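From first to last, the protein sequence lines stand for chains A and B. Mapping of the first sequence onto my numbering: position 146 corresponds to residue 146, and the numbering continues sequentially without gaps. Numbers in my numbering are just positions in the second sequence, counted from 1, shifted up by 1000.
Check before you lean on any hint, since a few could be wrong.
[Unchecked claim] Straight-line Cα separation of at most 27 Å, DSS-like style, residue types lysine-lysine; simulated pairs:
| no. | chain 1 | residue 1 | chain 2 | residue 2 |
| --- | --- | --- | --- | --- |
| 1 | B | 1124 | B | 1073 |
| 2 | B | 1150 | A | 360 |
| 3 | B | 1136 | B | 1150 |
| 4 | B | 1080 | B | 1240 |
| 5 | A | 157 | B | 1150 |
| 6 | B | 1124 | B | 1240 |
[Unchecked claim] Listed below are several chain B residues computed to face chain A (Cβ distance under 10 Å; list not exhaustive):
| no. | residue |
| --- | --- |
| 7 | 1012 |
| 8 | 1015 |
| 9 | 1113 |
| 10 | 1117 |
| 11 | 1120 |
| 12 | 1123 |
| 13 | 1151 |
| 14 | 1168 |
Calculated from the structure, these hints are not laboratory results. In this text the structure is predicted, and so the values were computed from the model without any measurement. Each residue gets a CB set at the ideal place from its N, CA and C atoms; glycine is no exception.
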Amino acid sequence: MVANLQSQLNPEDEGAVQRSEQDAIALLAQGDGSGKSAIIRVRNFMAMYPTIVSVVILLLSVVACGLITGSRFFTPFNFSLIVQQVTVISVLGAAQTLVILTAGIDLSVGAIMVLCSVVMGVTAVDNGIPQGVAIVLALVAGAICGLINGFLVTSLKLPPFIATLGSWNVFFGLNLWYSGSMTIMSQDISKVAPALQFFGQAVYVGPVHLTVGTFLMFALFGALWYALNETAWGRHVHAIGDDPEAARLAGIGVEGMLLSVYFVAGVICALGGWVLIGRIGSVTPQEGLTSNLDSITAVVVGGTSLFGGRGSLLGTLVGALIVGVYRNGLALAGVDPLWQTVAVGLLIILAVTIDQWIRKITA
Amino acid sequence: MSDKDKPQPLLQARDLVKRFGRVTALDHADFDLYPGEILAMIGDNGAGKSTLIKALTGAITPDSGEIIMDGHKISFRSPKDSRAHGIETVYQTLALSPALSIADNMFLGREIRRADFFGRVLRKLNRAEMERIARKELNHLGIMTVQNIKQTVETLSGGQRQGVAIARTVAFGSRVVIMDEPTAALGVRESRAVLQVILKVKARGLPIILVSHNMPQVFEVADRIHIHRLGRRLTVIDPKAFSMADAVAMMTGALPPPESADPSSRS
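Working from the sequences, and respecting the hints, build out all of it.
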C-alpha cells in the first residue's frame, strides 16, 4: 500500500517535498538554540539536575560552619549528632517528597508518625500484644491514614492542603485520645518490647556513631529512588505532578496513582514512627509537632518544586542535612536558637526563589 | 485511482447521534477515512467537529450509530479502547509532560520493562531500549538530530514539541493518526516544518485526520476535505476542484454543497 501511495506522488511534488523537508529538518533540529545566553544554560542545567544546587549549598554550609566554629565542627562526634538529628525528618521528608512530586502536600506526616509510634507503644506495652504484631499494627495504621488522605484527595477532590490540614488535626487528636496523652517510658519499652527501640541501636563506623535507624533511612531512600527513577510508577508520579491532564490523556490512571502515593507515604510515616521511638527511647504523644513543616522544609531546600513534577528524592536527604548542618553549626557558634530559626526561614525563601526562577524556562 | 482498485475505508462512522441535554452535537453524522490519505476536517465553531473526533477516539460514547474499522463494527468505552485499535491522537495541548525527557514522554503510559529478573520482579524500565526507539522515530520523521534524547520537553521549541507529540502517535503501531489543530500555536516557519512532518507521516502510509481552521494549510496537504456543518457531514470535497472561498462558504451555509459529490466517494 505504501508503494501504491508513493507512485501517486508525481516527481515535481517529490522534489518539493524533499526541499522543504530539508528546511524543516534544519528548523526543527536547531534545538539547543546556539544564541542562548549562559544564564539560560545554567538554568536549564539546574532544571535537569536540581540536586546539584542543594549539594553545592550543603558543601558551602559545611565549609562555612567549619570556618566559624573551627575544629569542634569537624569531629566524628559532631557528624554523628547531625546525622542522628536528621534521620527522622529525612524519613518523613521521603514521604513528603512523593506527595509533593504529585503537586500535592501532606501536612499530616508528623501526626501519622506520632500516631503510629503510639499505636506501637500502647499495644505492645499497655496491652501486652507481641511486639512483632504491634509493629505490624502500626504499619497498618499508617497505611490506613495514608489511604484516608488519598481518599480525600481523589474521591472527594479536596485540595491536598486542606484535606491534610484536616486529617493532621484528626490524626493528632486520635493520637492524644489513644495514648491518653501519657508518655510510655523508655525503661518500660526496653523491658517488654525492645524491638520497638531497634532503630536506636548504635552502629560504629570507625569513630562515627550511627544508629540502625540511619541505615534504614539510607535503605529507604535507595528503594524509593529506584521506584521513582527506574519504574513506570515513578515516571507516572512525576507526570501527574507536572501536568495531570497530559498524564490522563497519556493513559495514566491519575486517581489510582495518587491513592498509591498517599498510601506509600502513610506507610513510610509509620516506619518513621518506629525510627522515632529508637531515637528518643520513649513513646511521646506530644512529640513531632514541628515535623510536618520540617519535612516540607527538607523537601523544598532539597530543590523539589512545590508545584509538582520536578525535584529529586536525594535532594530531600541533602535538604535535611543542610538544615541539620545549619542548626548545628550556628549552635556550636553560640548563636541563639531564635536566629537559627530565622536562618532556616531565609534558606526556605531562597530555595523557593530559585525554584521559581528555574520554572520560568522557555525555549 | 480507478474504481476497480478503490480501497475500502479504514475507519467509518455511520449515523452517529450524540445529544448533550437539548443540544444535538452529532445529528446522524457520517464519516469515512481511507488508507493512506490526509483527510482534513473543517467546520464552523460548534459544528460538532470535536464531538465527532471524541466519538472516534472513545472520549465520548455516541447515543446511537456505529463506528466501523476494517469493516467490523467496534465500540469504544474510553480513549484506551480506541488506542488499542491503533487510533492515536495529537491533542491541541499536545499532552506532553514538560519536566520529563523526550524519551519518557514518548513512552508515557506504555513504558517498556526489561525482560530479565529486574524487569519482571523489580519492574525495572528498559531505558536503553526506549531511548533507542525514541531516537529512531524522531530521526525517521526528520525531527531530530537531537543530541540528547534525555533533554526535557520544556527545553524544546514549540515546533519540536509538536514533533515529539506526533512521533509519539506514530511510534506504536498506530493505524490512524488524528491531529487537532497541530499548527494553531506555531509561527509561520514552525508551521511549515510541522506540515512537512505531517507529509512524512503520510509517506509512511498512515492515514491522518487533520482538524484545522487554517484553510491554506488544509488545501496544501489534504487529499479530501470533510466539511462538517450543524452536527453532520455536509459533504466531502476535492481540494483541487474547489477554492478556499467555496469551502468556507459551504462551511458557513452560504453555498450549498455540490450536488454531484458523493460524500463517501474518493476523488
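Now for the hints, and whether the structure bears them out:
Simply put, residue 1124/B and residue 1073/B have alpha-carbon atoms about 38 Å apart, too far for the 27 Å limit, and the pair is violated. The suggested pairing of residue 1150/B with residue 360/A holds, with an alpha-carbon distance near 20 Å, which does not exceed 27 Å. A threshold of 27 Å between alpha carbons decides the hint, and for residue 1136/B with residue 1150/B the separation of about 14 Å falls inside it, so the pair holds. Only pairs whose Cα atoms come within 27 Å are accepted, and residue 1080/B paired with residue 1240/B is rejected, the gap being roughly 36 Å.
Taking the CA atoms of residue 157/A and residue 1150/B, the gap is about 34 Å. The hint is violated against a cut of 27 Å. At roughly 52 Å between alpha-carbon atoms, residue 1124/B and residue 1240/B are farther apart than 27 Å, so this suggested pair is violated. Here the hint on residue 1012/B is broken, as its CB sits about 18 Å from the closest CB of chain A, past 10 Å. A distance limit of 10 Å between C-beta atoms decides the matter here; for residue 1015/B the minimum to chain A is near 28 Å, and the interface restraint is violated.
Using the Cβ-Cβ criterion of 10 Å, the hint placing residue 1113/B at the interface with chain A is satisfied: the shortest such distance is roughly 7 Å. At about 13 Å, the closest approach between the beta carbon of residue 1117/B and any beta carbon in chain A exceeds 10 Å, and the interface hint on this residue is violated. A distance limit of 10 Å between C-beta atoms decides the matter here; for residue 1120/B the minimum to chain A is near 12 Å, and the interface restraint is violated. Hint status for residue 1123/B relative to chain A: holds, with the closest Cβ pair at about 5 Å, below 10 Å.
The interface hint given for residue 1151/B holds, since its Cβ lies 7 Å from the closest Cβ of chain A, which is under the 10 Å cut-off. A distance limit of 10 Å between C-beta atoms decides the matter here; for residue 1168/B the minimum to chain A is near 9 Å, and the interface restraint holds.
The structure is inconsistent with the numbered hints 1, 4, 5, 6, 7, 8, 10, 11, although it conforms to all the rest.
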